[in-house]
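A.B. asks: Single-letter residue listing:
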Amino acid sequence: MSTSIRRWVTSWSVFDREYTIEQKETLLGYGLILPSILLVGASLIYPVAYNVYLSFTEVPLDPTESPEWVGLANYEALLTDPEFWQAAQNTLVFTFFSDVGATALGLGVALLFRNKFRGDGVMRGLVLLPYIAPLIAVAFTWRWLLQPTYGIVPHLLQDVLGIYSPGENIRQTMEMVIIFDTWRYFPFAFLLILARVRSIPEELYEAAKIDGAGRFARFKDITLPELKFVLAAVFLLRWIWNFNVFTDVWLFVGNNVPILGTFVYVKGFNTIPPNQGFAAAVANLMVIALFALVLVYVRYILDW
Amino acid sequence: MILKLITSATEALGGLSRRFRRQSIEAPLWERALFYLTLGVVGFVSVFPFYYMGVTSLVPESWLYSRVPQAIPALADLTLENYEALFGAESVPFVQYFLNSLFIGTVSAALGLAFSIFGAYSFARLEYPGRWVFSRGVLVNYMFAGILLVIPIFQIIVWAKLVNTRLGIIVTHFIFVIPLGLYLLGNYFRSVPREIEEAGLMDGYSRLEVIVRITLPMSKPAIVATYMYAFLLSWNEYLYASVILRDQSLYTLPIGIEQLQYAFQNVWGDVMAASVVTTIPVLLIFLYLQKYLVEGLSFGNMD
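Protein chains in written order, with this note's numbering: chain U, 1 to 304; chain S, 1 to 303.
Check each hint, because a few of them may be wrong.
[Stated by the list, open to error] Computed list of lysine to aspartate or glutamate pairs in EDC-like fashion (alpha-carbon distance at most 16 Å, straight line):
#1 U:Lys-24 - S:Glu-209
#2 U:Lys-116 - U:Glu-202
#3 S:Lys-161 - U:Asp-221
#4 U:Lys-228 - U:Glu-206
#5 S:Lys-161 - U:Glu-65
#6 U:Lys-24 - S:Glu-31
#7 U:Lys-209 - U:Asp-221
[Said to hold, decoys possible] To spell it out: a stretch of chain U is covered by chain S in this simulated footprint if at least three of its residues, at any positions, have a beta carbon under 8 Å from a beta carbon of chain S; those stretches are:
#8 245 to 256
#9 277 to 285
No wet-lab data here; the hints were simulated from the structure.
The beta carbon of each residue, even a glycine, is placed where N, CA and C say it ideally should be.
Whenever a hint applies, use it, and build me the whole structure from the sequences.
C.D. replies: Next up, the structure:
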């Protein structure tokens, strides 16, 4: 018995064996990725599980005390909280419209860049600016542009166009948050779509022209089908990011347009006393909802 | 799936140069005019906020808070007083914020890359069972944005007694850097020709020697690019810095700038000056990164 165990142990021992090259590669492969996996696992899988646990507890303010088990109380409180439903509804509206906005604008600008023109590279760089600049800088610049008393945009709307009443704060509206987010992320869609747009063979368009296809027909029957895949991917990625958005909205309007991301933050860190168990429950529901939405999208809409 | 899409998009950009054509000369005049007009509008919309940020940072209070807002200052109006106020303020250690961000970004990007270089090589090049789990696992990250994990990670930081320390924020950023490194470098290592490595193996190098002596030196530009993306990730990160750091002397730029509004008289001039100072290093990095734009930007941002 014990010899067979010893033999078994030896046969698996890393040190006492001659390895084939393939086995060495395998060991090295695991060895090299292990630290990354452990760290990411520790920072992803463990927190996800811990978050589920925390959502069933009341997290004490004093870190030396351990969380107190409260069962489903957080979820019950959550589902009857009108603020939660408001935030959830806002999140869906925001996610959908800013995703459509960024993807559509990105597509439009990418089509504009289909043929190379003089200054093409410089223009591309300028169009990318909203996306690559630090969020804190653009969020505050937009706040300043829209500042009710001294901001240049309200001034234009009110004194020049006359479509704005004094005292109104157009920044703190869902529409403006969507516009801001569309502006910030259309370059992302643009960049990915442009790569595909420019790889559509010119011959397709020429053949269609000879067949008498008009501009719209060429767009509908050549451009769109060729771009279907990349558009679907861009829409999906932006959906995921918009759904989980926090910093963009928080730095731009604070809690004035509450969405789920800011709801988690406010409940967990910005109310007195903070209610982190409750915030954890919100985050868990977000994870479940997002997975469900993505699954439906991938299975039924994309038909992958 | 997403990975495949993005890599194919990336490859397509590589094939761009073949497809470039000049705007065809036969296009009618009105069409060309419309084209440039639209292009002008797109450019204006993209750039105007940055222009206005720069202008605001360079003019005195009286210009900003006049009854009729203006867009173009006279040369005589330009002044550096906002920058002087920003860097000279007693109440706000702005230089300290800048240095904190620089330090935290430099260290966490370096730590993150030290791990992810080898991890990325492992799943990009070595054959072993279960490898696909790792390369797909990177994508699961897309789903878990910072806000979903902020409560448990904050609790772990509390438990580790790292609240309000630089180490606390470095540890968080460093771990966020790893998936980025795995993703970008994994894509890159796949494109290194196998033959070169095999030649090394033939010459009697072990696999590890091949990595250190052949593959890594060859990949230097890609590693530098990944390092810079990792740095930017930390440079821009707001959420975790805002919950972990409490003392003003530890603030990074994003929280520091957010706090500025309470500290200054001419708030907008100073906030815009701070925004310019934060944006410039980022723009310089992107000028360098041009070649790696699509790969890097497709990973998305941390929040």
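A.B. asks: Quick one: which hint numbers does this structure break? Sort them smallest to largest.
C.D. replies: Violated: hints 3, 4, 6.
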